[in-house]
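Put chain B on the given structure of chain A with help from the hints.
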Amino acid sequence: MPNKQHVVVVGGGLAGLSATMKLAESGVHVYLISMVPVKRSHSVCAQGGINAVNDYTRQQGDTEWKHLDDSVYGGDFLQHQPLVKEMCDWAPRVINLLDRLGVPFNRTPEGLRDQRRFGGTLYKRTAFAGATTGQQLIYALDEQVRRWEAEGLVDKFEYWDFLGPIIDGDGQCRGVVAQDMFSMEIRSFAADAVVLATGGCGAVFGRSTMSMICTGGAAARAFRAGVKYANGEFVQVHPTAIPGTDKLRLMSESARGEGGRVWVPRTANETRDPKSIPEAERYYFLEERYPKYGNLVPRDIATREIFDVCVNMGLSVEKDRLCVYLDVTELSTETLNKLEGILEIYEKFQGVNPRQTPMKIFPAVHYSMGGLWVDYERNDTTGGLVLGSPRNQHSNVPGVYVIGEADYQFHGANRLGANSLLSCIFSGLIVAPSIENFLGSLAHGTAADQATSLFDDAVQREKDRADGLIKNQGDENPYKLHQELGEWMTRNVTVVRNNIDLKATVEKIDEVADRYKKVAMSDTGNWTNQNLSFTRALGDMILLARVIAEGALLRDECRGAHFKPEFAIPAPDADDPAELREQATQWCRAFREMKEKWLKSTIAEHAVDGPKFSYEAVDTSLIPPRPRTYGLKGAEIIEEVWREMDSGVKDGAAVAAT
Amino acid sequence: MGNSFQVRIRRQPKPNASFEWVTYTLENEPGMNMTTVLQRIAANPVTSDGRKTTPVAYDACCLEEVCGACSMVINGRVRQACSALVHHLLEESAGPIDLQPMTKFPIVRDLIVDRKRMFETLKDVKAWVRVDGYHDLGSGPRVTPHVQEEAYPLSRCMTCGCCVEACPQFNDHSAFIGPAVTCQAILFNAHPTGSVDRDDRLAVLAGRGGIADCGNSQNCVKVCPKDIPLTDSIAKAGRDATLYKIRQWFGR
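Taken in sequence, the protein lines are chains A and B.
In my numbering, each number is its position in the first sequence, counted from 1, plus 14.
In my numbering, each number is its position in the second sequence, counted from 1, plus 601.
It should be emphasised that the hints constitute simulated quantities derived from the structure, not laboratory data.
Check the hints yourself; a few may be wrong.
[Stated by the list, open to error] Cross-link-like lysine-lysine pairs, in silico, DSSO-like; alpha carbons within 30 Å at most:
id, chain 1, residue 1, chain 2, residue 2
1, A, K609, A, K578
2, B, K823, A, K362
3, B, K615, A, K494
4, A, K614, A, K522
5, A, K18, B, K724
6, A, K477, B, K717
Extracted from the complex, chain A is given alone in its bound form (with noise of 0.2 Å):
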């Protein structure tokens, strides 16, 4: 009798506990691998809430196709659109079955779900349960897998890391090696799928508002084995958080969702306390700059302005560290404690309370939008995706799957907020029947079936790496060494990136790349050794910092949150009608070459001196690209020129065909 057939779910943040708890509803047999216990992953991080069309925003007009249209919309047009439809269809089934599994959503007074508006959309689209939803989330995923667990058909693997795919002749991937994080015992796992659900990488830009773990080590060493990856040089900067000496902590956009005021003093160096500054002499420049979205425009316009308000115009908060204010202090008693969660972060780290007075934030790396490529099947009926087609969220390589932020495909170039809980849910939850069918599609024996050389080998490559890490001699410290890659990201291949100085960058990982080489370990036991998995991570955002930064570089366009000014589309200014229209319709074809150009996705693969990159086309059949101005003042010409040569363009196509 042949094995049993087994797939293993690396990382149990939403989107591995979502697939993970739908694999074993189907009586498919789950490892689950985590660096961490699975309650405590990066998803606990998440604030703001999940969005999906509801009863409340439909009335007021609002369809899933809607939320389709704000998604791309705020991607710039990066995503493939089949993918973003189904989700967003699916979005208000996904809230519905949390709400199922006993989330405790924050509720009106007839007992519904209460909603709040988040940026990027005119509805209140967005479910929430304080400002803790990723933890309330990820606890009720938590709970079904426990009950999973205590079933038979989960087996956990906590303090567990992932060390590779292990991949046989033909190139299908037959299972993982994984090394145990306290005894330090490096082992394979058989399986007959292998699904990567392991999070951003933010560790690689030092400090961020991701959790110790989001290195992206597994994501690159997925990558080193031959997976695709896509997008890299997306990385959101979220507008509104706290900095701090170990990491900077994020102040949910629902502060802004909830009433909460972005703005700083009209005059440089203003000493006074800000409560006593009039109305008149605060500059809420959101607002004024984006009278329809205001303070709830995408996060990547958002946190340009907070940049240029600091840096351009010098009007940061504090002198010797940039910051703006975030205003809460005249929202109610009542819409405060729906904050609560997030308050009470800024007063237990600021020793400041809110509350009374503005608190100080800036923009911190907050999201990978890029990550490993998966495939998808479009269902040409409904636009949407076939479900349980075997290609959906499948890599590049035979058996491994990739869902929730470790994946690229969306969000484009700038996730909207309360999007992501969304597309980790959604991934985990469709991936599931996708694998079923895979496994039913598999000939020649299952993964434990194999020669056991093909694991003994894996497992044996992975020790010697171990090995030669701890033997290895040098002067480098792998900490500091972190920190100077992290200071080097985060200055250049942020908010605001130019050629020289990606150029420079991509010099100085090559660098860091070699004194890697020589990095010493300060603890060579082999017991609980921190020291050697956080220096094989390092090794691996290296090589993710290189994707990244070779891709912004190489990308010569501003789309979302990748900005090069020496490539902006000078805005048209003219005072004479006639002339800021000819302004306009310049603009407007240099954007349409610019789309022409660079509506693609980044796809970059490993090869030893380097990554390779290439490109591939969006589908974006479902809405057309248009100019992204979310109204800005003094852009109204451009939304009008781009109508008139839309239609334009359309009724030419129309005459040509006739």
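Below, chain B alone, put in the same frame as chain A:
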């Protein structure tokens, strides 16, 4: 030396090995917390008297007090290392800041302990909502804001272990499930769908290691980093368990 301070750490290389107190000297930084202290030591693991050591092993993850990983005993009080700020600790008591692992769980190494017991006990009380399946069955039950406001604080439990560390009744020799897990049993019993497993949970609360083991010291609620009303849940658990037992006597 003006801005420097000392940290004294209880270090133990392995389970069941002997331990020693090791002192490190660090430069204070604005807003510095104890996880930063451990990161600085990792980068330069040299003791105050110039001896080279290994980095201190510790558990930490989110660094903003929502994951529950970095619980340890700091200056004699169990708390999260990430939200323990150096300047507060130095105000609390002059002299070296004392760091040691929690004492109620097996030590893995240095400040890392194995809290598996708590997660296993969550299985015993069926701390989940037993839904029919993950397919689309519409929304969950309507819940009044009042009920949500009672559930939400309980649902913020990070399984960090602070409450059981402070609990005199929770130790190697007792089977007491502890405040956190008791509280989760109450949370799921209060949920309209979760209540289907109510009696199974009450059987655990009424049984060996159940609520009768609580000595009512009320230490748990004082150390909970999330201000969870643990003693309220324990009181409720006591009442519900008693009623359950009475119902059992009458065979219903």
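Do the hints match the structure? See the list:
1. K609/A - K578/A: Distance of about 15 Å is within 30 Å: holds.
2. K823/B - K362/A: Holds, at about 17 Å.
3. K615/B - K494/A: 27 Å, holds
4. K614/A - K522/A: Answer holds: K614/A to K522/A is near 27 Å, not above 30 Å.
5. K18/A - K724/B: 26 Å, holds
6. K477/A - K717/B: 27 Å, holds
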